[in-house]
Every structure is written in structure tokens, then in C-alpha cells.
Amino acid sequence: MPIVIEIPTAFRRFTEGAPKIDCSAPTIAAALNELTTRFPALSRHVRDESGQIRQFLNIYLNDEDIRFLGGEASPLKEGDRVLLVPSIAGGS
Amino acid sequence: MFDYYELRCRECGKTWGNAPRSFCDDCFASLEVSFDYERLKKTARRENLASRPFDMWRYAELLPLPENFTPPDAIGGTPLVRAHHLGQRWGVENLYVKNDAVCFPTLSFKDRVVAVALTAARRFGLHTVGCSSTGNLANAVAAQSAQQGFDACVFIPADLEPAKVLNTAVYGARIVRIQGNYDQVNRLCAQIADRFQWGLVNVNLRPYYAEGSKTHGFEIAEQLGWRLPDNVVVPMAGGSLIGKIAKAFRELVILGWVENKSVQFFGAQATGCSPISDGVKRNLARFEPQKPQTIARSLAIGNPADGPYAMKLIRESGGWAEDISDPEIVSAIQTLAETEGIFAETAGGVTAGVAEKLLAQGRIRRDETTVVCVTGNGLKTTDAIISHYPLSAPIPPRLESFEALLDQQLAVPTVAGKGA
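First to last, the protein sequences are chains A and B. To convert, count from 1 in the first sequence and add 947; that's this note's numbering. To convert, count from 1 in the second sequence and add 961; that's this note's numbering.
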């Protein structure tokens, strides 16, 4: 089973409308690289000028925020689901 | 019709007109309502307020409301209490409590934000509204939806206080309980807003919703006699309110309704969920998200959407952020109730307890004017303190029984540690 990256609506104009992208990367960082190599226009929306993941882009591995899992170095395995969520809003 | 406000990206500045959207498609930062202040200066007059009732709608010009807006109800307009007794205890002359524990109709400041969000929902033709909530927001969405004829669907963490769930259910709202914490509920709501054409007040209607918080700040300034305080202590969950109080003060200065003054902003969190205060205290560039574990569940947001902006405001204003433990929260709830007769929810205990801590640290000066913001009512979080008040044994309905009780209690003068 491949690893699935779920693409939010706001990103789909860069992914030719695709809501999901399959990949086989070993880590989150590698998955993001695979994604932005395939869709270069997405690159500057994923990372800022210093190369860091944009502050307002939240990335989840299955149900967990990657910041609780070791960030970009978080390892991926077959069947994992990577979720990109722009600008979590909220307010209690 | 030309609007005198529109959505603007808080990072790149790109404008997006008026629509149910909360983030910039270019940089994914959040959007904020931006006003045409030059135009407002010509139309908004402080004198016009004199003939209006004391509720949040008296500041209608400074809110993103549609043309020909008719206010639905008297929301807001809560007391600014001169806290003499609490001030005496803390050694502060000019201490005030802005008491949104008695905000109409659901006893929290969330009534203000929902009121503005629902006007936006109506404007955009959205019939179903909802929210992710730790309780207070769900209460406000449910009540105002019932009153205004929206279908309401709210998403809450499954472990929420029973009183807060009941206070949503009673209005007939659909409640979806999620196995997870608020941040997980919130992530789901971001996906739901992406998929369905619903008005999620704190997701895709968030820029409009957040403007409602300004009325808390407008009222503080007006109730101080059109003056700004020196210090404000504000509870922080998502980190939005503190920024909107600052925006309110800034707008009053722009319009010339108050004199310019530097106000120090102090943020309050529970230690069990303190990503923003931790970020301020450790001088981090970005806050680190946390897994919340605190009785202050209305502040239990481990990944606060406006955390970066709250940190920036606190630093630039010369303020500070602090957090207190759960036992300290309970103690502060009791102090507020015993000195000022205000029964605040756990978040109010956080704010009061942090204010006391900041005074002790010397970060808030005792000779300055300080406002402590209480945003919710203690009747909703009774489970946090009920164990501190065991019921006394009942007595027969006879005078001699009461006299015997008095004798017994006089023999033990420290009943529950209360003074006269």
C-alpha cells in the first residue's frame, strides 16, 4: 500500500486538481520533496524562504501533528496518511 | 454596495474581498478584517453612541456588518467592576474586572463573536452553521442559531464538562462528540469547512467572528470614561481575544475617541496548556504545541491559531505571559468569588491567578490601572471546584436545632476558612 498525501482544496490548483497523491518516501521531509518535485509551483507554499515548513501549514501523520512525532524526520511506512492543513483556525 | 471593510492576509497583505474564508490561498496565513479608517473617521462619531443601548451593537460602525443591519438582540454590554476588595487584597488601587461571565445570552464572551459571525453567515447565504468548541462557543452558536433560525451542528471533544454539553443540547443543536482533544476536533473542522458549504464560525467565518471580540475592548475603554487602561490581563486559548482587544484600542485611537496611550498586554494560560506563555517566557521564535492537561478546558488549545500574533503583541507592548497550576486556578476562582461576588469559570480563575502572580513578580505595577478580563461563568465548570464544598449535615426545622448548630460552629471558628 502506498503512502497517501491528502491535498486540501487550496493546494489542488497546483496538483492539477488531484485530491490525493501517492508516494513512497521514507520520511515526511522526503514526502514533501517528492510532492514539490512533482509539482514545483507548490514549493514556495510549503516552505518559506529559509527552507522551513511554513508556519501556517500544519502537517499530520495519520492523526498526529508531526511536531509531536519528530517533525520532518518522522519516518513513514506503507499505508500511512499524510495530511496537509493550511492555517488551522479555531477558538474555543 | 461598497463595503468599508474586506479580508486581508495578515502576512502578505493580499486582499480577498468579503467571503467565507479564513486563510490566504497564497501563503496560508490567516485573514483579518481590514477597515477603511479614513471613511470610518467621516461617519463614525462617538456622540452617536449616547442614544444607543449599552450593548455590543452600539459600536456597529466598527464591526464588519452588512448594510441595513438590524441588531438581533442585546448582546454584550457587561459590567466593568471596580474591584475594591480584590484590589485591597492585592494592594492595587485601580483594579477592574471586565465581567463577561454575565454576557447575554449564554454567559461567556463567545456571545459577542458568534453574533458577528452569524451576520456574516446570513450575508453569505449559509443556512447551516457550526463550530469546533470546548464548550462556551458551542453554547453561543446553539443559542443564537435557535433564535435566528440557523441549523446548528457543533463539534466538541468527547470529554467536555456535562454542563457545557447540556447548555448546547438544550437549544436543539446537533452535537457531534469527537474522540480526541480540541486540536483534533479543530483539525477535523478545517477538513469539514474544506468539504461542505457550512458556516463554521471559528473556521471559515473566523475573520468576521474574531471582530466581535473587539467589543469587549471598546466597552472597557468606554466604561473607564473613554480612557485606555495601563494593563490588561487576558486569558489565552487560541490567542485571538488579546489581539482583538489591542485592535479595539488602536481603532479608538485612530478615530480620536480616546487619547493614545501605550497599553501593556498580559496573557494568561494554565500551566497544563501553556504553549503561548511558554513561548513568551522562553523567548521562542515559534511556540511549541502541547497536549493539554488542565481543568481550564476552555483554554485547552495546544496548537493556538493566533499564538504567533499573541506572542508578538505581548512582546511589543512590553507585557508578559504567565501560567498557573490547576490548584492555583481553583484558589483564584474562590478569591474572585469571595472578594467581588463574581463566580468565574476556570478560565477566569486562570486570568485572576495570573494577574496576582504578575503583580507579585512586579511585572504589573500596583499604582497603575489594570483590567482583568473574565470571559466565562463558573456555573458551567462547577465540577472543577465542587469537591471543595461538601454539603453540611441538614438540621431539623426547629429554632433550638439552629441554636445548637450556631453553638457548635462558634466553638469551631474557622468554618471553611471564611471570614465575616
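Among the clues, some could well be false.
What follows is a set of in silico ranges between Cβ atoms, one per label pair, in the way DEER data are often shown [what the hints assert, rightly or not]: (1) A/R994 with B/Q1158: 46 to 56 Å; (2) A/R1028 with B/Q1158: 17 to 27 Å; (3) A/G998 with B/K975: 39 to 49 Å; (4) A/R985 with B/R1247: 24 to 34 Å; (5) B/G1133 with A/E1025: 11 to 21 Å; (6) A/R959 with B/N1221: 14 to 24 Å; (7) B/I1347 with A/R959: 48 to 58 Å; (8) B/Q1140 with A/A976: 45 to 55 Å; (9) B/G974 with A/E1025: 39 to 49 Å; (10) A/A976 with B/Q1158: 30 to 40 Å; (11) B/P1040 with A/E963: 32 to 42 Å.
Here chain A is said to cover these stretches of chain B; the calculated rule only asks that three of the stretch's residues, wherever they fall, bring their Cβ under 8 Å from a Cβ of chain A [claimed, not checked]: (12) 984-991; (13) 1132-1146; (14) 1241-1251.
Not everything, but these chain A residues come out facing chain B in the computed CB check (under 7 Å) [unchecked claim]: (15) T956; (16) I968; (17) A972; (18) P973; (19) P1033; (20) S1034; (21) I1035.
Since the hints were derived computationally from the structure, they do not count as laboratory data. In this text, a Cβ means the ideal position worked out from N, Cα and C, and glycines have one as well.
How the hints compare with the structure:
no.	hint	result
1	A/R994 with B/Q1158: 46 to 56 Å	violated (31 Å)
2	A/R1028 with B/Q1158: 17 to 27 Å	holds (25 Å)
3	A/G998 with B/K975: 39 to 49 Å	violated (23 Å)
4	A/R985 with B/R1247: 24 to 34 Å	holds (28 Å)
5	B/G1133 with A/E1025: 11 to 21 Å	violated (45 Å)
6	A/R959 with B/N1221: 14 to 24 Å	violated (46 Å)
7	B/I1347 with A/R959: 48 to 58 Å	holds (50 Å)
8	B/Q1140 with A/A976: 45 to 55 Å	violated (30 Å)
9	B/G974 with A/E1025: 39 to 49 Å	holds (43 Å)
10	A/A976 with B/Q1158: 30 to 40 Å	holds (35 Å)
11	B/P1040 with A/E963: 32 to 42 Å	violated (57 Å)
12	984-991	holds (count 8)
13	1132-1146	holds (count 4)
14	1241-1251	holds (count 3)
15	T956	holds (5 Å)
16	I968	violated (16 Å)
17	A972	violated (22 Å)
18	P973	violated (24 Å)
19	P1033	holds (4 Å)
20	S1034	holds (4 Å)
21	I1035	holds (5 Å)
The structure is inconsistent with the numbered hints 1, 3, 5, 6, 8, 11, 16, 17, 18, although it conforms to all the rest.
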